[in-house]
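Chain order of the listed sequences is A and B. Positions 1 to 235 (my numbering) are the ones given, in order, by the first sequence. Positions 236 to 307 (my numbering) are the ones given, in order, by the second sequence.
Calculated from the structure, these hints are not laboratory results. All residues carry an ideal CB built from backbone N, CA and C; glycine is no exception. Don't take every hint at face value.
Claimed, not checked - If you want the footprint, here are the derived chain A segments under chain B, 3+ residues with CB under 8 Å:
#, stretch
1, 14 to 27
2, 182 to 189
Stated by the list, open to error - Simulated restraints, written as ranges between beta carbons of each label pair:
#, chain 1, residue 1, chain 2, residue 2, range
3, A, 37, B, 249, 18 to 28 Å
4, B, 248, A, 155, 36 to 46 Å
5, A, 70, B, 246, 35 to 45 Å
6, B, 248, A, 58, 38 to 48 Å
7, B, 248, A, 56, 35 to 45 Å
As a plain string of letters, each chain reads:
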Amino acid sequence: MSPITVEVWSDIACPWCYIGKRRFEEGLRRYRATGGDAAVEVVFRSFELAPDQPEDVTSTVVEYLSERKGLPLAQVEQMLTHVSGLAAAEGLHYDFGAVQQTRTLKAHELLHLAHERGLQEPMKERLLAAYFAQGRHVGRVDELADLAAEVGLDHDDVVEALRSGRYAPAVQADIDQARAYGISGVPFYVIDARYGISGAQAPETFAAALAQAAADHAAAPGGEPRVDQPAAAGA
Amino acid sequence: MTAHPAAATQGLTLLGAAGGAAGEQACVGDTCLLPAAPDPTTDASREPAVSVHAGEVPAASLHAAEGEPLGQ
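Work out the full structure: start from the sequences and follow the hints.
Have a look at this one:
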């Protein structure tokens with residue numbers, strides 16, 4: 001039987017995406033705990049929340065939000081403290097004071113390279129932790145290559161790939177596919193190109209969705225559920 | 236109330252919450268919907284979401300869930 005395919009549209013600079021990653025992982029654990037044994041393949045798809053963001057942003061997140069939204073610094077800090085608390089409940093330790101805002105295109109290109117090398121999940125985890133917990137700059141090629149080397153990718157290979165922009169079309173293809181689905185927010189989970197789950201929902205939602213997909217596989221002739229995937233424009 | 240990010244989703248059967256607190260735990264356009272810190276003097280379940288930007292995109296991106304292109 002073919003594996004259940006879970007495509008996760010997300011961005012690095014998305015606090016809910018990291019929280020959602022943990023909740024999905026817990027959902028998968030609960031699915032397994034209730035006897036679910038279907039193979040599950042997870043693929044992270046690209047979604048740029050701020051494609052016009054420059055590589056370097058000099059203001060802190062708090063300063064930026066305060067200026068952008070016209071809110072007092074203290075109020076912004078309170079909001080970020082609150083979301084940090086929600087993240088902490090998932091075992092994540094956000095440090096918004098250290099976050100270096102940047103465009104995430106190169107990070108997405110790196111995730112495509114990592115997917116080809118079978119290392120996408122650890123690369124995704126490394127990038128999210130680097131951005132939200134460690135104040136690393138995920139928009140610079142050299143820093144991305146350092147992070148990639150930590151998960152087993154070749155540093156020079158990464159530098160060459162990112163400087164060439166070889167994976168930029170793959171990033172755009174993901175964005176086009178998201179558009180074809182009508183996805184406008186992340187994280188967004190697409191299971192077997194059939195079911196959609198929007199947002200960092202509760203683990204039980206993911207567990208139930210996996211159980212539903214597994215039932216579909218079991219019921220379909222040859223174990224292959226019928227899929228009607230909308231084509232991306234120009235694809 | 237910001238439209239749910241999945242409001243315009245095509246060809247997918249949506250599972251889970253499609254609105255409310257669970258459905259708002261997503262970033263739309265460059266805008267992440269963060270719940271306001273609970274106020275102990277009010278019913279937390281009625282607390283509105285607060286939208287904050289993480290990038291340089293017009294506030295109109297808040298309403299991209301109405302079917303507008305994303306990431307533009």
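A quick look at each hint next to the structure:
Figure legend: the stretch 14 to 27 of chain A, annotated as covered by chain B; annotation consistent (6 residues with Cβ-Cβ distances under 8 Å, at least 3 required). Requiring three or more residues with a Cβ within less than 8 Å of a Cβ of chain B, the coverage given for the stretch 182 to 189 of chain A holds, as 7 such residues are present. Remark: the range hint 18 to 28 Å for residue 37 (chain A) to residue 249 (chain B) is upheld by a beta-carbon distance near 26 Å. With their beta carbons about 43 Å apart, residue 248 (chain B) and residue 155 (chain A) fall inside the hinted range of 36 to 46 Å.
For residue 70 (chain A) paired with residue 246 (chain B), a C-beta distance near 39 Å keeps the hint of 35 to 45 Å intact. A hinted range of 38 to 48 Å for the beta carbons of residue 248 (chain B) and residue 58 (chain A) is consistent with their spacing of about 44 Å. Roughly 42 Å separates the CB atoms of residue 248 (chain B) and residue 56 (chain A), a value that falls within the hinted 35 to 45 Å.
Figure legend: structure checked against the earlier numbered hints; every hint is met.
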